[in-house]
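Participant: Going down the list, the sequences are from chains U and D. Each step along the first sequence adds one to the number in my numbering, with nothing skipped, and position 28 is 28. Each step along the second sequence adds one to the number in my numbering, with nothing skipped, and position 122 is 122.
The hints are all genuine.
For identical chains, the list gives no copy identity; a pair is met inside one copy or between any two copies.
Derived pair list, reagent style EDC-like, types lysine to aspartate or glutamate, alpha-carbon separation capped at 20 Å:
| no. | residue 1 | residue 2 |
| --- | --- | --- |
| 1 | Lys185 | Glu222 |
| 2 | Lys183 | Glu222 |
| 3 | Lys57 | Asp29 |
| 4 | Lys183 | Glu236 |
It should be emphasised that the hints constitute simulated quantities derived from the structure, not laboratory data. Please read these numbers as outputs of a predicted model, since none were measured by experiment.
There are 2 protein chains.
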Amino acid sequence: MKNDDILNQMSNKGPAYTDAKPVPGQDLDAAVLTSFKSIVAARRSIRIFDGVALPEKTMESILADTTLSPSSSNLQPWEFYWIRDPEKKQAAAEACLGQPAAKTAGDLLALVARPDLWDTNRLKLIDIMTQGGKAELPKPVNIYYKKLIPRLMATDPFGVQNLFRRILFSVLGLTKVMVRSPKNKGDHRVWAHTQVALAAQTLMLSIAAHGYDSCPMGGFDEVRMKKILNLPRGAEVTMMMAVGNRKPEGLYGPQIRLPQADVVHKV
Amino acid sequence: MKNDDILNQMSNKGPAYTDAKPVPGQDLDAAVLTSFKSIVAARRSIRIFDGVALPEKTMESILADTTLSPSSSNLQPWEFYWIRDPEKKQAAAEACLGQPAAKTAGDLLALVARPDLWDTNRLKLIDIMTQGGKAELPKPVNIYYKKLIPRLMATDPFGVQNLFRRILFSVLGLTKVMVRSPKNKGDHRVWAHTQVALAAQTLMLSIAAHGYDSCPMGGFDEVRMKKILNLPRGAEVTMMMAVGNRKPEGLYGPQIRLPQADVVHKV
Numbered sequence: 001m002k003n004d005d006i007l008n009q010m011s012n013k014g015p016a017y018t019d020a021k022p023v024p025g026q027d028l029d030a031a032v033l034t035s036f037k038s039i040v041a042a043r044r045s046i047r048i049f050d051g052v053a054l055p056e057k058t059m060e061s062i063l064a065d066t067t068l069s070p071s072s073s074n075l076q077p078w079e080f081y082w083i084r085d086p087e088k089k090q091a092a093a094e095a096c097l098g099q100p101a102a103k104t105a106g107d108l109l110a111l112v113a114r115p116d117l118w119d120t121n122r123l124k125l126i127d128i129m130t131q132g133g134k135a136e137l138p139k140p141v142n143i144y145y146k147k148l149i150p151r152l153m154a155t156d157p158f159g160v161q162n163l164f165r166r167i168l169f170s171v172l173g174l175t176k177v178m179v180r181s182p183k184n185k186g187d188h189r190v191w192a193h194t195q196v197a198l199a200a201q202t203l204m205l206s207i208a209a210h211g212y213d214s215c216p217m218g219g220f221d222e223v224r225m226k227k228i229l230n231l232p233r234g235a236e237v238t239m240m241m242a243v244g245n246r247k248p249e250g251l252y253g254p255q256i257r258l259p260q261a262d263v264v265h266k267v
Numbered sequence: 001m002k003n004d005d006i007l008n009q010m011s012n013k014g015p016a017y018t019d020a021k022p023v024p025g026q027d028l029d030a031a032v033l034t035s036f037k038s039i040v041a042a043r044r045s046i047r048i049f050d051g052v053a054l055p056e057k058t059m060e061s062i063l064a065d066t067t068l069s070p071s072s073s074n075l076q077p078w079e080f081y082w083i084r085d086p087e088k089k090q091a092a093a094e095a096c097l098g099q100p101a102a103k104t105a106g107d108l109l110a111l112v113a114r115p116d117l118w119d120t121n122r123l124k125l126i127d128i129m130t131q132g133g134k135a136e137l138p139k140p141v142n143i144y145y146k147k148l149i150p151r152l153m154a155t156d157p158f159g160v161q162n163l164f165r166r167i168l169f170s171v172l173g174l175t176k177v178m179v180r181s182p183k184n185k186g187d188h189r190v191w192a193h194t195q196v197a198l199a200a201q202t203l204m205l206s207i208a209a210h211g212y213d214s215c216p217m218g219g220f221d222e223v224r225m226k227k228i229l230n231l232p233r234g235a236e237v238t239m240m241m242a243v244g245n246r247k248p249e250g251l252y253g254p255q256i257r258l259p260q261a262d263v264v265h266k267v
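I would like the entire structure built from these sequences, with the hints used as guidance.
Facilitator: So, in structure tokens, the structure goes:
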């Protein structure tokens with residue numbers, strides 16, 4: 001059974017402007033944990049799909065989950081391009097170096113980092129939080145969004161703001177605990193791509209939870225992809241995502257991980 | 001009820017060297033999807049915890065889920081520092097600018113990017129896949145891991161490899177579909193932090209699935225944190241993660257997201 005009927009029964013609206021979620025918090029039950037582990041196990045990178053697109057409602061449900069991912073200062077510097085036009089989809093698959101996962105995917109998504117939208121999004125968030133300027137923000141929130149974020153995130157073409165922060169961090173950092181980033185273009189890029197990747201993982205797990213498969217792809221021609229998607233200069237493609245139904249031969253091998261002791265360190 | 005009893009009944013060994021997972025694939029059921037959505041909804045950034053550490057087995061189960069996250073070429077350029085020493089934990093909380101989430105957390109984790117470990121991990125993976133050199137790799141896998149990855153990832157102190165790739169990408173890219181990265185230090189950093197963030201999101205969702213709360217923190221003093229954790233020069237802290245039981249006042253407000261139409265684009 002596909003889950004589309006279930007979706008119809010579930011409340012699956014995209015997140016609204018001020019969408020206070022219920023807070024189950026702790027004491028989730030065994031079924032929830034078992035389900036989660038089955039989703040994590042089901043998510044494998046699939047290289048050959050059957051080419052059938054997901055029902056629109058299913059993809060919308062998946063993308064609704066995706067945008068509930070956290071982000072630094074809640075600035076959500078991400079965009080999700082759902083490439084539905086057949087010509088664009090084919091061009092995008094070719095720009096993924098023609099790899100089978102892209103060419104056979106039912107759906108193809110571009111996950112895009114927008115380091116350039118930090119201020120646009122900041123202003124949108126203030127507008128949402130103040131209900132269009134009608135409500136007052138609590139004082140710490142007001143200071144954080146109106147003063148601290150701009151001081152930390154502002155850039156200019158000559159790198160003066162970054163240089164200023166670099167000096168500030170290194171001088172004040174001698175005696176005080178102090179953030180150390182962003183102080184160059186690389187830091188701003190790392191910042192945005194990191195947030196997109198948080199959403200990318202929710203996306204992949206949600207795809208598995210909906211009974212579908214995915215393949216995250218880092219191998220693509222970003223210059224061509226940006227042209228195909230008509231992306232502005234400041235946008236960068238974090239990764240491409242193939243989505244669909246796996247063909248059995250699309251799972252290339254067993255899941256291989258480094259020994260846990262090599263990556264988990266108790267200190 | 002906490003989930004620790006359940007954990008005892010579940011198979012929760014960390015992933016072994018060659019751990020072929022079952023492949024439920026499609027047709028997951030309604031309970032799984034409902035569970036996933038409840039986990040996504042339960043995951044909120046919590047700023048005040050009760051200070052009680054998670055049972056060791058629970059954290060190990062969470063970290064086992066975390067390391068099943070995907071990564072580019074499966075290179076897993078990540079490390080997870082579970083800060084258990086009380087003095088180190090306090091110092092790390094102070095290096096998180098003393099923010100309440102860090103100071104009240106039951107557990108504090110550092111999620112660390114290791115762009116410098118791409119080759120070490122590549123060799124470990126080859127060793128695992130060939131069972132210590134006893135088995136042959138399939139030809140495409142052999143070429144990919146022994147030739148293509150080094151060509152794409154190698155660096156040197158003078159940036160010659162990056163410069164070479166920059167020229168290669170831009171010249172060949174004129175007429176051929178071609179990857180465009182990594183060609184500078186920023187690209188290598190983006191690459192590693194992106195993989196860590198994929199794992200970070202699995203971590204946060206797994207924490208919620210286990211009935212606990214989290215707070216990802218980008219505000220910390222990386223210079224001091226690296227000293228506290230005794231990290232090598234090539235390591236970078238992607239984010240800090242506070243984990244624990246929420247206090248009710250630790251949820252600061254409703255969940256706010258940009259309108260879905262601002263971030264999801266059908267093209």
